[in-house]
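Protein sequences appear in the order of chains A and B.
Last residue of the first sequence: number 165 in my numbering, and the count goes up by one each step with no gaps.
Last residue of the second sequence: number 277 in my numbering, and the count goes up by one each step with no gaps.
No wet-lab data here; the hints were simulated from the structure.
Possibly wrong hints are sitting among the right ones.
Claimed, not checked - With the C-beta cut set under 7 Å, the calculated list includes, among others, these residues of chain B facing chain A:
1. H104
2. L105
3. G146
4. A178
5. L236
Stated by the list, open to error - DEER-style ranges, computed between Cβ atoms:
6. B/R162 <-> A/S17: 46 to 54 Å
7. A/R42 <-> B/T117: 16 to 24 Å
8. B/D112 <-> A/E43: 17 to 25 Å
9. B/R2 <-> A/E145: 47 to 55 Å
C-beta: ideal position from N, C-alpha, C; glycine also.
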Amino acid sequence: MRRIDLRSPEGIKALRSARKGDLLLLDGPLYTARDQAHRRLREDLSRGEPPIDLRGKVIYYCGPTPAPEGMVVGSCGPTSSYRMDKYADVMEKLGVVGLIGKGERSPSAGRTFKKAGIRYLIAPGGAGAYLAQRVVRAQVVAYPELGPEAIYEFVVEGFPVVVEI
Amino acid sequence: MRRLRAKDVAGKVYELCVKVNTCIRPDIRRALQSALAEVRSESARVFLSALIENARIARKTGLPLCQDTGLVIVFVELGKDTCIQGDLVGEVNRAVERAYKDAHLRPSVVRDPVERTPPGWAPALIHLEPTRRKRTRIVVLAKGFGSENKSRLHMLLPTAKREEIVDAVVSTIGSAGASACPPFVVGVGIGGTSDRAMSLAKRALCLRIDGPYRGEYPELARDIKEKANRLGIGVLGLGEGPTVLGVNILSAPTHIAGLPVGVNIGCHSTRWGEVLM
């Protein structure tokens, strides 16, 4: 088990050199995005104006439940990754360094990730309440009109993932 | 003639919506606990422990077990000589919406599937079925779509051997893979028509997976489970531990020319509850 701080260059380097099957505990920011946010990112990117700078960042395929009063975030486990396979090129152009979700990726998406040095990580699917306790801050940073599909910035502590690609 | 008020049915639906989303079923909790003995690697142990811990946190905090709080499916199995008074559809849908808002569950229901309108909490899908039983049974299933997307219908030939039924189900489980959140609960519907086989498969998800077997064809269910557990998908696709926690089969008469086999995949937290009225 290795602890990785996504805010430091050493942390990003450790992420890039992690091996398939490694269990990592992540600290730092994650950016949620699922189907509709990906569709919007592609449109905005084609116009040359993505709403946030995602270079060097990690994307988390997640649409949380609403946060009850007094809690940072609601239940927030990963959603199925394969639905985002067709946006692999968008992730490459945005310069992200990691993607977190659950399940398999298409061979073509996998090739894009390897070429671009993007790591694909899996989080425990269906552990939304458990993962909520690893999120210390959450705020919407883009596409608020998408509701649960908006892009949130989560700051996490000890967020468990296994390296898949 | 027995009379049930639609309002009272909706009241039970409200309670079940909150309960199934926040409290793991005891049969599933026990199955996950005993799976711990089957996993060795650090990652598989941490992930499986996270699922067990998840259930404890959900119960303690009231957070839902999963962020995909599902599409609500309500089976109303009407007892004989019973009538429901009032607006069942309206009452049930309002109860679901209220339950989901009150319990901070996620709006995941898209009213217009083509235009993809913004998600809401309702409507639910209501299956109303007349039965010859004495009492009316209400079953609520909060169905997540990671697993629903992997469900399949097989229209087998009437001459298909028993092994072909097993293989059809096991191949569906195999192609469900890691993204449907294994270890799975599997519902199988055999016979009827294409639509009936699929709805029986969904109803079969809502049967206990421990204690005496509640479905039909116990030996077929056992063979499917054994073969599926040799697929090696394992807990959350990590290759260790069970791929399937339970298989239940329900059946219906069918036509001389066909053998429909519906397979509905349920995740490791398959969320359902029931009440007799």
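Taking the hints in turn, this is what the structure says about them:
Checking B/H104 against chain A: minimum C-beta separation of about 5 Å stays under 7 Å; hint holds. Evaluation of the B/L105 hint against chain A yields a held restraint, the C-beta minimum of about 6 Å falling below 7 Å. With its C-beta approaching chain A no nearer than about 5 Å, B/G146 sits inside the 7 Å limit, and its interface hint holds. The interface hint given for B/A178 holds, since its Cβ lies 4 Å from the closest Cβ of chain A, which is under the 7 Å cut-off.
Annotation: interface hint on B/L236 holds; nearest CB of chain A at approximately 6 Å, less than 7 Å. One distance hint, 46 to 54 Å for the beta-carbon pair B/R162 and A/S17, holds here, with the actual separation near 51 Å. Range check, A/R42 to B/T117: Cβ separation about 21 Å, and the 16 to 24 Å hint holds. Checked against the hint of 17 to 25 Å, the pair B/D112 and A/E43 passes, with Cβ atoms roughly 21 Å apart.
Take B/R2 and A/E145: their Cβ atoms lie about 48 Å apart, and the range 47 to 55 Å holds.
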